[in-house]
Structures are given as C-alpha cells and as structure tokens.
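2 protein chains.
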Amino acid sequence: MVSVEEAISKVTAYFFKSSPITKSIHDSLGYVLAADVFSNIDMPPFPQSAMDGYALCIHKSLKYTIVGEVKAGDSKIFELQEGEAVRIFTGAAVPQSANAVMMQEKTSIENSELVLEEVPKPQQNIRPQAEQIRTGQLAIAKGRKLSPSALSFLATVGVLEVSVYPKPKVGIVVTGSELVQVGKPLAYGEIYESNSILLANTLKSEGIIDYTIYRVTDVYENTKNLLEKVTSENDFVLVSGGISVGDYDFVGKALRELGTQEIFYKVKQKPGKPLFFGKCTDCFVFALPGNPASALTCFYMYGLPMLRYFLGIEKPFLNRAYKKIAHDYTVKGIRAQFLKAIVTDDEVEILSQQSSAMIAGFINANAYVFVPEYSTEINKETLVEVILLP
Amino acid sequence: MVSVEEAISKVTAYFFKSSPITKSIHDSLGYVLAADVFSNIDMPPFPQSAMDGYALCIHKSLKYTIVGEVKAGDSKIFELQEGEAVRIFTGAAVPQSANAVMMQEKTSIENSELVLEEVPKPQQNIRPQAEQIRTGQLAIAKGRKLSPSALSFLATVGVLEVSVYPKPKVGIVVTGSELVQVGKPLAYGEIYESNSILLANTLKSEGIIDYTIYRVTDVYENTKNLLEKVTSENDFVLVSGGISVGDYDFVGKALRELGTQEIFYKVKQKPGKPLFFGKCTDCFVFALPGNPASALTCFYMYGLPMLRYFLGIEKPFLNRAYKKIAHDYTVKGIRAQFLKAIVTDDEVEILSQQSSAMIAGFINANAYVFVPEYSTEINKETLVEVILLP
Numbered sequence: 001m002v003s004v005e006e007a008i009s010k011v012t013a014y015f016f017k018s019s020p021i022t023k024s025i026h027d028s029l030g031y032v033l034a035a036d037v038f039s040n041i042d043m044p045p046f047p048q049s050a051m052d053g054y055a056l057c058i059h060k061s062l063k064y065t066i067v068g069e070v071k072a073g074d075s076k077i078f079e080l081q082e083g084e085a086v087r088i089f090t091g092a093a094v095p096q097s098a099n100a101v102m103m104q105e106k107t108s109i110e111n112s113e114l115v116l117e118e119v120p121k122p123q124q125n126i127r128p129q130a131e132q133i134r135t136g137q138l139a140i141a142k143g144r145k146l147s148p149s150a151l152s153f154l155a156t157v158g159v160l161e162v163s164v165y166p167k168p169k170v171g172i173v174v175t176g177s178e179l180v181q182v183g184k185p186l187a188y189g190e191i192y193e194s195n196s197i198l199l200a201n202t203l204k205s206e207g208i209i210d211y212t213i214y215r216v217t218d219v220y221e222n223t224k225n226l227l228e229k230v231t232s233e234n235d236f237v238l239v240s241g242g243i244s245v246g247d248y249d250f251v252g253k254a255l256r257e258l259g260t261q262e263i264f265y266k267v268k269q270k271p272g273k274p275l276f277f278g279k280c281t282d283c284f285v286f287a288l289p290g291n292p293a294s295a296l297t298c299f300y301m302y303g304l305p306m307l308r309y310f311l312g313i314e315k316p317f318l319n320r321a322y323k324k325i326a327h328d329y330t331v332k333g334i335r336a337q338f339l340k341a342i343v344t345d346d347e348v349e350i351l352s353q354q355s356s357a358m359i360a361g362f363i364n365a366n367a368y369v370f371v372p373e374y375s376t377e378i379n380k381e382t383l384v385e386v387i388l389l390p
Numbered sequence: 001m002v003s004v005e006e007a008i009s010k011v012t013a014y015f016f017k018s019s020p021i022t023k024s025i026h027d028s029l030g031y032v033l034a035a036d037v038f039s040n041i042d043m044p045p046f047p048q049s050a051m052d053g054y055a056l057c058i059h060k061s062l063k064y065t066i067v068g069e070v071k072a073g074d075s076k077i078f079e080l081q082e083g084e085a086v087r088i089f090t091g092a093a094v095p096q097s098a099n100a101v102m103m104q105e106k107t108s109i110e111n112s113e114l115v116l117e118e119v120p121k122p123q124q125n126i127r128p129q130a131e132q133i134r135t136g137q138l139a140i141a142k143g144r145k146l147s148p149s150a151l152s153f154l155a156t157v158g159v160l161e162v163s164v165y166p167k168p169k170v171g172i173v174v175t176g177s178e179l180v181q182v183g184k185p186l187a188y189g190e191i192y193e194s195n196s197i198l199l200a201n202t203l204k205s206e207g208i209i210d211y212t213i214y215r216v217t218d219v220y221e222n223t224k225n226l227l228e229k230v231t232s233e234n235d236f237v238l239v240s241g242g243i244s245v246g247d248y249d250f251v252g253k254a255l256r257e258l259g260t261q262e263i264f265y266k267v268k269q270k271p272g273k274p275l276f277f278g279k280c281t282d283c284f285v286f287a288l289p290g291n292p293a294s295a296l297t298c299f300y301m302y303g304l305p306m307l308r309y310f311l312g313i314e315k316p317f318l319n320r321a322y323k324k325i326a327h328d329y330t331v332k333g334i335r336a337q338f339l340k341a342i343v344t345d346d347e348v349e350i351l352s353q354q355s356s357a358m359i360a361g362f363i364n365a366n367a368y369v370f371v372p373e374y375s376t377e378i379n380k381e382t383l384v385e386v387i388l389l390p
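Protein chains in written order, with the numbering used here: chain A, 1 to 390; chain B, 1 to 390.
Don't take each hint at face value.
All copies of an identical chain are treated as equivalent in the list; a pair is satisfied when it fits inside any one copy or across any two copies.
With a Cα cut of at most 25 Å, we get these calculated DMTMM-like pairs of lysine to aspartate or glutamate [as the list claims (entries may be wrong)]: (1) 323 x 346; (2) 323 x 349; (3) 324 x 233; (4) 273 x 118; (5) 273 x 117.
Treat the hints as calculated values from the structure; they're not laboratory data.
Let the sequences and hints guide you as you build the complete structure.
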C-alpha cells in the first residue's frame, strides 16, 4: 500500500516516450511536435500588397501613369520608373521597383491617369518580404501540441510533414461475470457493463483512438490467457475489475503468473484503493477497480498522465488550484480522498453523490476536492486543493 | 456595415437546430441530447453487495451457518433463515432474505462455521435496489453534451440509443489565384494556402468532421458555379477570401447573383471587416476575409456559435470575462478590435503580433482582448473584457 504522493511519484518514474514518427500536417491535429520545425520559405516570399490599390514608384507629383496590373498570384515583373504605378490587389507581389501602395479609396482616375488624394508614405501598405518569418528560422518549437492555428502556420511556411510523438495502442480489459453489454436483456444478478464505454470515450477525448476492448468472465485461466494476449499487443493495458481480494478476483494472480513486475498495489485513497500498477515486457498495466467512480479516478490520477506523457505532453497531470470551499465538510475515514465537486470562479462545492459505484456524479462535476490523509473537519471558506477534471 | 453587437444579434436571430437523429451510445461522444433520457432499469437491479464477505440473515449470535455462495453475476436465489449466511462478493445480488453483509476481513471460519468479529448493522454493505436510479426516472436531461461519464451512465441504466442533434455538413471554399497547396513548389507571386487547414481543424476540434474543402481561382464564372454547387450540398458554407472590394473579389457578386439573401456585409471591427453573412435556400454562408487572422476571428465570433447552436449547444458563444490588463495600450483606429492575448488567473497581456495576415499569434494566444469602438488609451491595471479562445 502506497500513499497518493508515492503512487504519483512511482508512475512518474516510469514515464516514457516512444520514437517520433513523421506525419502529414493534414492529419496531425492534437499531436505533439518531437522536433523543432523551421520555415521552408520567406513569408511573405515577396513584398506583398496589404491593400487593393496602386503600387507606386514615388515621385513629387500626385499624378501617376498606370503601366499595368498585378493580381494576386501574378508572376509578371514590372520595372517601374519614378511616377509610374501598377494596379495591384491584396496579396499580390509588389514590384521591387515600387516603394508604396496607395489604397484605391484614396485615388481617382482622370484622363487615364492615376490621381492620389494624399502624399504616399514610403513602404506604406507593403508587407515586407519575410516579415512573418525567414527561410530556416524557427517556426514552431518541439513540445508544442498542434492546434488548428499551429497547423495552419506550418502550411503557411511550406511545411508538409512533421516529426511527432505517436499515439499509444491501448487495451481495455473488462472483467466480471455479472456484466452484460447494453442492448441485451439482464438476467437476475447481472448489470450493464459501462467501464469500457467510460474508458474508451475518455481515451477518445484525449485523442487516443487506437484502443481495443476485450471482455472476460471471472475464470482464472481465461483471465490469464487474455491478459497474456492483451499485454503483448498493446503499449498500455487498462483492466477494469478483478483486482480486489475476492476469491474470484483473478487479475492480480494472473498478472503475477505472467511475470508482470508489480510497481505498486493499493493506494491509501478513496475511491480507488485496489489499484495495481505493473510493468510487463512490452507494456504497462493499470489494473483499475471495477467500481466506475474508482476506475475513473485511478485513471485520471495515474493512467492518463502516463498516456499524456507518451503523447509528448510535458505537463501531463490534471491541473490543480486552491479554492475556498462553500460549506463545512466532515471527512469520513483516514484515507486521502478525491471528492467530486463543482468549481466556479470563486469557490468549490463538494457534490453529494460520492459512492464509488456511481458514475453519475461525474456528469456534473468539473473537479475533485483533494482531501489529504488523516483530514477531519473542513470549515466553510477555508482554502482546499482542487484538481480540475479534463 | 454593422457593429459587432449588431452582427452577433443578426447571427443569433438565424440560429436553428436540425431534426434530432437516433444514435448508439457507442458512437455519441460530444453529441448533445435532444430529448430527456429515462432509466430502463432499477440500478442496481437488485440489492447489491458492496464488499467481498458474507450476506447474513441476522440473529443474536456472532456464529452463522454458511449455506452457499453468490458470485457476481449468479442468478441463484437463496432463502436464508435467521443465523444463516452465504459467501458473497462485491457486485453480487444479496438474497432478499439477507439483511446485512459483513466484510470478509472481519470474519473467520471455525469448524466450517462463520464467526463474526463484530455485531452486524442492519443493511450494512448492501447497496439497495434502485439506489442510483429507478426504472423510468430521469437519467440525463436534454441539452446535455455527452461526455464519457454521461455515456457510461447511459450504459449503466440500459440505454443503448439516444436522440441527439446531428452534426452539420460544412463546405469550406478557398478562393485566391495566388494560393498553392503545401508540398508543391511556389512560383513568384504565390503563397501557400493555409485557411482550409485552419478552418478544417477548427471544425475537427469542435467534433465536426463532415466537411469538404473546395478550391477555386479568382475567375467569376468558376466562383459562381462552385458556390452554386457548394451551397446546395452543405448546411453551412465557409468561404475564405474574395469578399473585399478588389476587382477580382468575386464571392459577393456570385452569391448575390445566386440569390443569396444578404443578412449583413462588413462589420466595424478589426480584424475581419469584410465579412459577409447570408442565407441561401438550404444553407447559410459565412464569406470570411482571406487574411488568416481575420478569417479565424470572424469564424470564432459569428460562424462557430451558429454551428455550435446547430449541434444543440445552448450557450454557443465564446466565454467572456473581465481581467486586469498588465500594461498600457494605445488603441489605433476607431473600429472595435479583437486583440490576441494571453490570459492568466490574474491578468491579461496583449500580444505584439496582431497583423491580420499572420496566424502565428494564435499559436500562443488563449484569448482576445475585446476593445469596443472608439476606444483610445487603455491604462495598465484597468479591467478589460476578454473573450476566451476554445
């Protein structure tokens, strides 16, 4: 049995990343950059007009001779003399020989000649070449999670492929002879299985879609055989149930029999005491309690951070903060507790539904109140530590 | 030309939802419930053991006769007499004739007889039938976005299918003869197209994956023909570029020619002034400015809320708050402004990169500072309105 802090520290000690992979930016949303990315081009690649108007080679008069037109995308190159102008549009390449763009709203045409309403300022309305970034300059540093803006910026600077951390392959193993898949009829003594849906969708929410759900009843040989297969096929395995002390809790025994190295078993916390964390040859196993709220709490606190680190996220733990509690609270028991709660800007309120068998409390909760071991009374208005849910 | 507030109000006036669809809970993450969902079962469906131990029919002695065993999932029914016990495990059905469960750690076996270490309390360690929810009771109210916990709770109460709002079909139309797809070489005058990547990934981040990207150069007939096709094939159309006043900005003309009802054109804001919002027979069109930062700002402020409402989200606008600004700021121009900024718990800082042509500022920003029309100086430490980015 370890404390919450020891459990966190032991999981952290085994954090690891996989070798980076190369992916197209068209398919990299949410991936984390494994290497710095540098610009392939000057951006803009040429002096660019910021307006619809006229590019000018400035002279003293306000009258200019129009010698042509440059649309966005045109590659035609004009050599303007002083007093000459070309019609130009937003995004078009400003001729090197031009030194200002006058917006069209401040011009008129008289006898085919361009007349400006005001004196042009040198370089006005021209975006200089490489104003945004120069060829070879750092575009985005490694460690950045690729957002829509980041991906769009990579496209802007001509980068099609990036080195990112791969996503893990996760096995979800659901144990329990009482469990029936939703949609089928329930016999007496049976309940609907929900932890696979809980864990799979939590993975999905984190962008992890390469998961497989396996099911087994409480039969030792079947449990052992399945775990042998699942631990050889996945980077991480999440087991639901079968890890407590009952005669039909075969997960721990099977994992040990398969040579899984126990890193810790049982955490002094509520909910989620019977958590097993172990290392197999090629994967890590989190054997979670079967009660839904316990399973999710153990996953949020220990499993998810390890998966996020694998994804390249450097700060993978749930965010913490201190908030004033809105009411008195009497702590039951001596274990550390993760109490479902609702945090607002100003304060935090512990919810009434705290049973480890019930998932419903999580539908409204947006945080845990974390109560350390051996806490007793918590007084209204005191600061408590909250852990924000994803 | 309308103000920001008028634009928001006009978009809001056209908010609509589509007819609900039925989906399996296995494929509903992020969808919004269109109808209340009621429990199909009592949960638990039977009195359920919360412990591994013994279910007892209490009598005065601490010694009990063990008459059998109930594993989780067993449907066998025992009729216990006073002084009889059955071995029982967490999650198993407690016989109706039992009135307490004693955890195994507080028991021993002597001469095949069960001996308790303490007097059992009636109903202890029994989760009453329907403790979580009763058949027909409200499980989750309509309007709820389906989270992993919500989906798992629906499975728990035997609900396989739900009525949810469908996701929209979105067309993304990229205009501009200067645009080249990343991965191809750039000729003089050309730049890489990035707005399709920006908009597509922003949609993806919101769970909208049914989008199609279309491209057209600045040729009127092509623009018109493409827009005719795209507006007939999608619920919403996002156009990038071609909506300003240049001679080759054909989007507005084409939309009008196609009979699109103009709801507004141009907003007194920076960036993103040349925004067109219109209604076709079967879809709505947001014609966004081509500059990336302008396009994204218009989408966040007007397009995204309309799409979110379509998805069933009742509060679809980006969240707003007031924060102290960390520095003085001199406002340029009279239009309302959306300034990319970084918000922390305590304050907000406006970023230096504000050019409408640059998307890079959005990589670090997590908010806008919203500066109303006709603002001048903003003094350090004053409260400013911030709009939090998704």
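Here is how each hint holds up against the structure:
For the identical chains of this complex, residue 323 and residue 346 are neighbours both inside a copy (7 Å) and across copies (14 Å), given an alpha-carbon limit of 25 Å. Taking CA atoms no more than 25 Å apart as the test, residue 323 paired with residue 349 passes in both settings, with 10 Å inside one copy and 24 Å between copies. For the identical chains of this complex, residue 324 and residue 233 are neighbours neither inside a copy (46 Å) nor across copies (52 Å), given an alpha-carbon limit of 25 Å. Taking CA atoms no more than 25 Å apart as the test, residue 273 paired with residue 118 passes between copies only; the shortest distance there is 23 Å, against 77 Å inside one copy.
When the C-alpha separation of residue 273 and residue 117 is checked against a cutoff of 25 Å, the pair qualifies only between copies, where the shortest distance is 23 Å, while the shortest distance within a copy is 78 Å.
Going down the numbered hints, you'll see the structure goes against just number 3.
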